[in-house]
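Place chains Y, W and A on chain Z using the hints.
Read top to bottom, the protein sequences are chains Z, Y, W and A.
Quick note on our numbering: the first sequence kicks off at 1 and runs consecutively.
Quick note on our numbering: the second sequence kicks off at 1001 and runs consecutively.
Quick note on our numbering: the third sequence kicks off at 2001 and runs consecutively.
Quick note on our numbering: the fourth sequence kicks off at 3001 and runs consecutively.
Calculated from the structure, these hints are not laboratory results.
Please read all numbers here as calculations on a predicted model, not as lab measurements.
In the DSSO-like style, the derived pairs of lysine-lysine whose C-alpha atoms are separated by at most 27 angstroms in a straight line are:
id	chain 1	residue 1	chain 2	residue 2
1	Y	Lys1081	W	Lys2081
2	W	Lys2081	A	Lys3081
3	Z	Lys81	Y	Lys1081
4	A	Lys3081	Z	Lys81
Chain by chain, the residues run as shown.
Number of protein chains: 4
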Amino acid sequence: MSNDNILTFHGHVGTSVELREGAAVPWVLFRVASTPRQYDQATRTWRDLETTWMSVKAWRVLAQNAAESLTIGDPVVVIGKLRTESWTSKDGEPRESTVLEATLIAHDLGRGVTTFRRVDRQPAVVTSSDGTVEALAELEGQQVQTPAA
Amino acid sequence: MSNDNILTFHGHVGTSVELREGAAVPWVLFRVASTPRQYDQATRTWRDLETTWMSVKAWRVLAQNAAESLTIGDPVVVIGKLRTESWTSKDGEPRESTVLEATLIAHDLGRGVTTFRRVDRQPAVVTSSDGTVEALAELEGQQVQTPAA
Amino acid sequence: MSNDNILTFHGHVGTSVELREGAAVPWVLFRVASTPRQYDQATRTWRDLETTWMSVKAWRVLAQNAAESLTIGDPVVVIGKLRTESWTSKDGEPRESTVLEATLIAHDLGRGVTTFRRVDRQPAVVTSSDGTVEALAELEGQQVQTPAA
Amino acid sequence: MSNDNILTFHGHVGTSVELREGAAVPWVLFRVASTPRQYDQATRTWRDLETTWMSVKAWRVLAQNAAESLTIGDPVVVIGKLRTESWTSKDGEPRESTVLEATLIAHDLGRGVTTFRRVDRQPAVVTSSDGTVEALAELEGQQVQTPAA
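One chain only, chain Z, in its complex shape (with noise of 0.2 angstroms):
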């Protein structure tokens, strides 16, 4: 099936990109603060509409170049396919989160300018199996920084 649910997200970095390796292929995951804006015609102003959290997760070289590149705060768009992963917290409760399993991540030009630069990467060394869980987990417990406006 090619219908897969696809969003595409932008906003700013709320945690930092750390890359995790203790998987069969590096990957990451952060999470992305996005506060639309809506004009109020009445009083001709803009006005912040409630901010949405969304974990993001990523794989291989789009992991490795992301965690190289993004900061707290950097506005970014994120493509990616949404999807719902269940976990058990440290109580023994069970948890289901929404993730965003990226495609694209890439810092957003109506914000500011970028220098790009190619990176050779080796191929990842295969280890173990995956700590979406324990990362899901761990980012429940952390103090999410409030990224720049």
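Just chains Y, W and A, lined up with the frame of chain Z:
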């Protein structure tokens, strides 16, 4: 800012789609269940991944036509803006829900055939304010129907 | 590479949608006309922008259901990959056409109501090679019908 | 109507991205080449499919940042509205071009790393009318550079 978070969501209608008229414009709020399938190279079979449930909201003519066209179990595609809405549960607890504000709702021709008919709609009568938070609370309490696979 | 060029195209069916069976799988090739509207703040009226025509291609069950469901003038949405195809005109001239390879085709509930019916399809009989280039040549010669506004 | 035809286009910058200032707002018009790859199960190798060229247009801050950030050969993603524009060639012949009116332009982190820097932009000075048709004519005459694979 035209950089809305746009989601294309494929699934089956999971709750009844009833027109709600006690607001400025007619609207609907219903749930769609999406169960992606993944091909397992090892066993050469398809297997179901976890189901993602999405609350879908629409207004005006789109809401009127959706209410007249959709039945529980129908395969649909929805395109819209992904938004977060805050509301208060019956117990007075604060809640956050993710809502897909639809710009397109349609039956999926990958799953069956459709017959189309144009409809002339009268302009909606304006009455009072939106009742989204009441409807989100109602959907939560409601026993969600399992859509046909 | 999963980074396909994905287009969501809204318009009206502009040529008849007939199943073509002389190939490995049943398929369709038809044209859709899209005329966006823009709100003119000065005159407070909507005005039509230029029409974009798109060649849409689909295969297998999606093609079979589209052929059975769609009539010239129907409002549709098509999601797919934007591709360039080279072919040769009757005069022997090289041509390039942009084709939207559909993963989704559907009637737009923003324009009317639909009735949905599931259909059991027999697996398609494999016969010979694809005939896309012949069909593109045929579409070019054909007097394209103007879709209902 | 919010149902615009939205395209997500991945490719390499194929012409230089220069800011054009003789209009109401600063803008850019440049070409992007997209060459999708397909995995051939039989030979177990990737092969290039036909290249699709797209004219990309942007305005204001996005145009200013794109002109400052992009170099021929850079891997980019562009999201925008697909539009048809009519213009007249130097020989007086009527022409139609497909143009992608960008809402997002970004370097692709799947292909390398980026460094991001915020920029304070002065409001653009309004001068005269748009010069898109002249620029489309110019792009046609221009020897298009082959982007790095």
